[in-house]
Amino acid sequence: QSALTQPPSASGSPGQSVTISCTGTSSDVGGYKYVSWYQQHPGKAPKLIIYEVTERPSGVPDRFSGSKSGNTASLTVSGLQAEDEADYYCGSFAGSSVLFGGGTKVTVL
Amino acid sequence: QVQLVESGGGVVQPERSLRLSCAASGFIFSRYGMNWVRQAPGKGLEWVAGIWFDGSRKIYADSVKGRFTISRDDSKSTVYLQMNSLRGEDTAVYYCGRDESYGTFEYWGQGTVVTVSS
Chain A
55 QSALTQPPSA SGSPGQSVTI SCTGTSSDVG GYKYVSWYQQ HPGKAPKLII YEVTERPSGV
115 PDRFSGSKSG NTASLTVSGL QAEDEADYYC GSFAGSSVLF GGGTKVTVL
Chain B
85 QVQLVESGGG VVQPERSLRL SCAASGFIFS RYGMNWVRQA PGKGLEWVAG IWFDGSRKIY
145 ADSVKGRFTI SRDDSKSTVY LQMNSLRGED TAVYYCGRDE SYGTFEYWGQ GTVVTVSS
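As given, the protein sequences belong to chains A and B, one line each in that order.
To get the working numbering, take the position in the first sequence, counting from 1, and add 54.
To get the working numbering, take the position in the second sequence, counting from 1, and add 84.
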């Protein structure tokens, strides 16, 4: 049960795009469609922003999009806004467990 | 609306036990799997345990296997986490989450803080 790999930080100016990667193995990210992304602001519970690789829950702006290629999933935030500054975590079903990535801190410059 | 409210956290000495509760409302509890996720101070999310909607399957992170037990009481719409033989590395905010499908958590509680310290 090893954590998924995410870059520790990413940044962009308002209006720009930022993409965060999440690398696992064929036993988790690459083996299932159950890859999710969560946004977490300081002191708050995580918020689901992407599920099943590409799907957005109701109310999540379409500026957030997800994709997957092989064992790596990606989250893209387009048209960055100040309120997007947060920690982002990927998660994946892994058969007999659930794995999270280490988290990526997104800074809006 | 869906609500999850955790309770039972506190300060506990190493090797002691603690039981967390997560009371659910606003949905048909017996139709959903439930999970516990924790976050150590300044660290990332760590999945801890999950229980299927019908209680037929329980899964655990390696770090807690043999020490923690997840259970549910559908009559009370509550999921529990019994934590035994607690260690300093178990210090964290513990969240419960409703499982939409295979580890997808759309609804989370506000968290309950567990501090293991002598």
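Hint data in this document are derived by calculation from the structure and do not stem from the laboratory.
A few of these clues could be false.
[To be verified] Derived coverage of chain B by chain A (criterion: at least 3 residues anywhere in the stretch with Cβ under 8 Å from a Cβ of chain A; other residues may be distant):
1. 99 to 106
2. 112 to 120
3. 134 to 145
4. 172 to 185
All figures in this text were calculated on a predicted structure; none of them were measured in a lab.
All C-beta atoms in this analysis are idealised placements derived from N, C-alpha and C, irrespective of residue type, glycine included.
Run through the hints listed earlier and report the numbers of any the structure violates, in increasing order.
The structure breaks hints 1 and 2; every other hint is satisfied.
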